[in-house]
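Chains C and R are the protein sequences, given in the same order. Residue 81 in my numbering sits at position 81 of the first sequence; the count goes up by one each step and never skips. Residue 17 in my numbering sits at position 17 of the second sequence; the count goes up by one each step and never skips.
A portion of the hints provided could be inaccurate.
[To be verified] If you want a taste of the chain C side facing chain R, the calculated C-beta under 7 Å gives, among others:
1) Ser74
2) Leu289
3) Val291
4) Ala305
5) Ala570
Rather than coming from a laboratory, the hints here were simulated on the basis of the structure. None of the values given here were measured: they were computed from a predicted structure. All C-beta atoms in this analysis are idealised placements derived from N, C-alpha and C, irrespective of residue type, glycine included.
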Amino acid sequence: MARKRFLKITLKILITLSLICGVAATVVIYAMKSRDEEHARFFNTGKSINSFLSLYKHGIEEAFRKNDTSEITSFYSESYRSPARGRWVMQPAPAENDVTVFKLVAEGQEEYDRNALDRELSGYLRNIASIQNIWCKIDMIEKVELERSVVVRVKYILDGTDAQGAIFQDRHFYRWHLVNEAAPGAPFNWKIIQDELIEGLRVEGNARGFIDVEPSSVGIDFKHSRDPKLNAAKYSAQMKFDIIEHGSGGVSVVDYNNDDRPDIFFPDGVRSRLYKNISDSRTGEVRFLDVTSEAGLDGIDQANAGIFADVDNDGFSDLFVARYLAPNKFFHNNGDGTFTDLSAKMGLDFASTSVTACFLDYNHDGFVDLYIGLYGDAIHDIPRLPFFAQNAPPNRLFRNDSGRGFTDVTEASGTGDVGWTLAVAAADYDRDGLPDIAVANDFGRKSLFHNNGDGTFTEVAKQAGVLDFSGGMGLVFGDFNDDGLPDLYTSNINSNQRWFGEDMTVSQYVRNVARTKWLLLDAAEYKKFYDLVGSKWVDIGRDIGEGNSLFRNNGDGTFSELKNSHTNRAGWSWSVAFFDMDNDTDLDIYAANGWISGKAGPSADL
Amino acid sequence: MGDNSWNGYEHNCFFANTGDGQFMDVARPTGSDGIKDSRGVGIADFNGDGRLDMIINNNNETPFLYLNNLAKSGNAIVLKLVGTRSNHDAIGAYVRLTAGGKTMTRQVEAGSGYASEAWLPLHFGLGSAERIDSIEITWPSGLVQRIEGAELNALIGVNRLVHIEEGGELNEMATAHFISRTSAAAAERYSMR
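Could you put the whole structure together from the sequences, leaning on the hints where they help?
Here you go:
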């Protein structure tokens with residue numbers, strides 16, 4: 001608490017002083033210098049715990065392989081003792097569709113020592129026939145006594161099969177009390193001294209609910225390519241923020257030929273493709289045909305999103321292609337299976353940093369308008385500030401003039417969000433009959449543009465309670481609770497590096513920034529940020545890594561986040577979708593995850 | 001799995017709605033937990049069996065095509081809305097559908113998630129309901145169109161894809177039956193990963 005107060009005061013001071021006089025700020029910086037070392041120790045402590053968890057994961061694998069629980073119990077202190085821990089047992093819970101569910105619960109109040117633990121682990125491993133994957137990660141560091149002891153919330157996931165051949169996944173959250181049993185000065189030697197079950201689940205099935213079809217066997221011979229012009233190895237000298245090439249890869253479903261069979265468009269870094277659905281309507285056998293060339297859509301590179309809508313109301317879906325650092329494209333659907341490039345004629349051929357778009361008829365004139373999301377310019381810029389980046393080119397709203405062309409109404413409409421936008425969506429969240437716009441910004445916040453009905457929008461994310469600071473990657477509206485109101489699900493980063501976003505890191509960040517010219521250059525941005533979140537800013541570091549957010553629409557223009565809905569720890573999330581997967585009437589949620597496999601992060605192995 | 005990773009090798013998640021604002025990740029036991037660097041997700045009923053499938057683009061990789069084969073699946077109806085006064089795709093239309101004593105709502109959206117777009121026709125799972133009690137469409141033009149009564153069931157029924165034209169008569173609807181579920185997505189027909 002004292003630290004939080006310290007941080008709050010520090011930031012206030014920094015903002016005030018830097019605005020008045022840069023020189024005075026150095027006084028504050030000098031006062032903070034002693035805390036640098038403390039932060040370095042925090043960082044090393046966190047890092048060593050990540051290593052510990054990684055070893056623990058291997059311990060489980062070894063114990064299973066050798067049928068020897070000592071490979072796990074060695075991670076527990078000789079003096080391990082968990083009073084009133086109780087036995088952890090799997091209890092049958094109501095099945096969900098084809099999935100059998102067990103809840104892991106602590107039964108009784110039995111005190112556990114290493115022997116009791118050993119018996120329990122043996123029982124757990126006996127149950128397992130094979131292990132495919134284990135993840136053991138920091139979910140949150142709850143308490144730190146630097147280099148001595150830590151209370152950490154651990155996320156444990158095990159993919160395996162059981163003796164009956166069922167495919168299962170264990171998802172457990174533990175609270176571990178760790179102590180460093182190394183002699184002073186020696187390398188860390190963490191041991192679990194006490195453990196506690198927060199919650200646990202086993203879901204089990206035959207993994208045949210969805211058939212993982214080899215796409216090329218049904219005509220989809222597509223493999224995503226990144227935009228070679230964003231290849232850092234080749235162009236790094238020119239790029240300030242080279243990681244962006246890994247972000248690309250939208251996909252769209254459209255019935256471009258009006259045969260009621262959904263077709264697929266892949267925007268791509270090298271060659272975007274359109275696949276026509278030629279599935280057999282009698283047998284239901286799935287089949288696609290690459291019609292890119294015959295449709296006249298060859299040669300679309302540097303594309304991140306292709307969004308379809310019938311722009312001129314001729315009955316056929318037209319195509320807008322959002323291209324990053326390249327001119328956008330618009331293709332008119334001729335209705336005979338071909339498209340014509342009308343980018344320039346329609347006024348959409350401007351080159352910028354477009355990554356996504358959505359169609360909406362904001363002015364209800366019977367013609368769909370276009371809202372385009374723009375990321376930052378990775379060649380010339382980095383996100384500033386990293387948690388509230390407002391230095392991307394503004395998103396653009398284009399009014400559709402009766403299908404004849406588009407007019408940029410960004411400024412007049414007030415929808416020019418300057419965050420590093422990755423996702424946009426439109427829905428009438430307040431049911432006033434007019435579509436509103438939601439925006440997810442990387443390194444920032446969500447925006448919610450309320451449609452005023454007179455051609456203008458008002459940004460209301462703060463009032464609506466959906467600022468949702470994080471690395472925003474996606475968002476989607478859907479009425480998951482059937483109350484008639486569109487709810488909102490956002491995808492963010494739930495990072496293994498989340499522990500890094502704790503107070504101590506935030507304050508170190510402030511100190512580091514204070515030493516550079518950036519504090520002065522960005523003083524106005526800091527002030528905007530402070531105006532937006534006020535004294536809550538200290539908690540933002542923690543929120544940023546928490547993951548996806550499910551917001552229930554309250555019906556009065558506000559939303560409430562359902563933090564305990566078990567929808568937030570998805571991973572490094574990208575697209576998200578609401579749909580009823582099992583036709584049981586309610587909407588389920590799919591979340592696509594994963595940042596960069598096969599490439600070490602900035603703090604490798606965290 | 002490789003050793004190098006920056007939040008790589010992550011599962012995709014499938015959060016099943018279990019009611020009361022609670023969800024449960026069933027991706028692995030349903031076989032939809034692909035581990036690639038997934039980006040866009042497209043949703044549609046590709047094989048016309050009334051169950052929604054997924055196409056997922058993966059960065060620098062081949063995509064996932066997940067055909068829905070869930071055994072315990074209810075009835076469904078898919079509504080393709082055709083605007084006349086409103087924009088032709090009816091983007092922004094809001095539909096309330098009542099069946100089996102429950103009212104569900106969906107909106108037509110073009111572009112959402114991350115750089116993705118779902119199939120525009122609105123899909124409603126119906127559970128065990130075998131008839132629809134009412135459909136109320138609020139078109140972007142402001143027109144509120146209500147379809148109900150015996151006529152509705154005589155003409156629409158369930159497990160079909162239905163076209164509804166703005167302000168149109170019921171007999172203007174073209175309907176198509178979903179193909180039989182048992183023969184639809186038999187796993188054996190496909191090369192699986």
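Hints and how they fare:
no., hint, result
1, Ser74, "violated (22 Å)"
2, Leu289, "violated (13 Å)"
3, Val291, "violated (16 Å)"
4, Ala305, "holds (4 Å)"
5, Ala570, "holds (5 Å)"
When each numbered hint is compared with the structure, violations occur for hints 1, 2 and 3.
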